[in-house]
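In the order they appear, the protein sequences are chains U and S.
For the first sequence, the working numbering assigns the number -9 to the initial residue and increments by one for each residue that follows.
For the second sequence, the working numbering assigns the number 21 to the initial residue and increments by one for each residue that follows.
Since the hints were derived computationally from the structure, they do not count as laboratory data.
Predicted model, so just to flag it, every value in this text is computed and none were measured.
We put the CB at the ideal spot given by N, CA and C, even for glycine.
The reader is advised that the hints may include incorrect statements.
Unchecked claim - Have a look at the derived ranges for each label pair, beta carbon to beta carbon: (1) 73/S - 4/U: 29 to 37 Å; (2) 56/U - 104/S: 21 to 29 Å; (3) 102/S - 55/U: 39 to 47 Å; (4) 29/U - 64/S: 18 to 26 Å; (5) 115/S - 45/U: 38 to 46 Å; (6) 102/S - 0/U: 18 to 26 Å; (7) 0/U - 23/S: 26 to 34 Å; (8) 30/U - 82/S: 37 to 45 Å; (9) 82/S - 67/U: 26 to 34 Å; (10) 39/S - 4/U: 43 to 51 Å.
Said to hold, decoys possible - The list that follows gives simulated cross-link-like pairs (lysine to any residue, SDA-like), each with its CA atoms no further than 20 Å apart: (11) 88/U - 106/S; (12) 32/U - 125/S; (13) 88/U - 34/S; (14) 88/U - 115/S.
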Amino acid sequence: RKEVEQDPGPFNVPEGATVAFNCTYSNSASQSFFWYRQDCRKEPKLLMSVYSSGNEDGRFTAQLNRASQYISLLIRDSKLSDSATYLCVVNNLNQGGKLIFGQGTELSVKP
Amino acid sequence: NAGVTQTPKFQVLKTGQSMTLQCAQDMNHNSMYWYRQDPGMGLRLIYYSASEGTTDKGEVPNGYNVSRLNKREFSLRLESAAPSQTSVYFCASSEAQGLTNEKLFFGSGTQLSVL
Chain U
-9 RKEVEQDPGP
1 FNVPEGATVA
11 FNCTYSNSAS
21 QSFFWYRQDC
31 RKEPKLLMSV
41 YSSGNEDGRF
51 TAQLNRASQY
61 ISLLIRDSKL
71 SDSATYLCVV
81 NNLNQGGKLI
91 FGQGTELSVK
101 P
Chain S
21 NAGVTQTPKF
31 QVLKTGQSMT
41 LQCAQDMNHN
51 SMYWYRQDPG
61 MGLRLIYYSA
71 SEGTTDKGEV
81 PNGYNVSRLN
91 KREFSLRLES
101 AAPSQTSVYF
111 CASSEAQGLT
121 NEKLFFGSGT
131 QLSVL
């Protein structure tokens, strides 16, 4: 089983739609959680950290469920510019705090 | 606003050839990393350097060597390239020391093909 698993997609949604991605992690010792965004053929960039209480940044909302070991990202009112691959990233303290990357979920927002 | 600069952007090698990927950051970060990204897989850590003068193996170090030349620069060397090393390589840096970090800043990547 992969340490961090995501549905690879692609998710094809119309502009204005709400879309949600889930990510599961296998190690209960994981402490920190993040979503990175990667545009086609570009480098990953930090989108947002995920806190236990949940957090929101504009149209983006991240949630953490420690009991079920999953993280979610909700994008409201999707824009064409949201088209990208979204990487779920987990910090594993059992491995010295190493960041473990999921394979990414591809989102395509259509006009 | 250079951030993390890595060169070259593209490279084609024949099996057995050697090459060095260069990486430099201008953010005065302590830690630097080399990752590879393959289709259907997450980024995998090859080597990292928690501080100037130290390097450690990551998840997939075989076939690679690294040098932390100074605080700014961290190079990745393939001594004898193999087709299995065909991948996209990313250099990254972070302010934190060691693996425990929150925000990675990535270079723009190197597309390497080994024939």
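>> Of all the hints numbered above, which does this structure not satisfy? Sort the numbers upward.
In response: Going through the list in order, the structure violates hints 1, 2, 5, 6, 8, 9, 11, 13 and respects the others.
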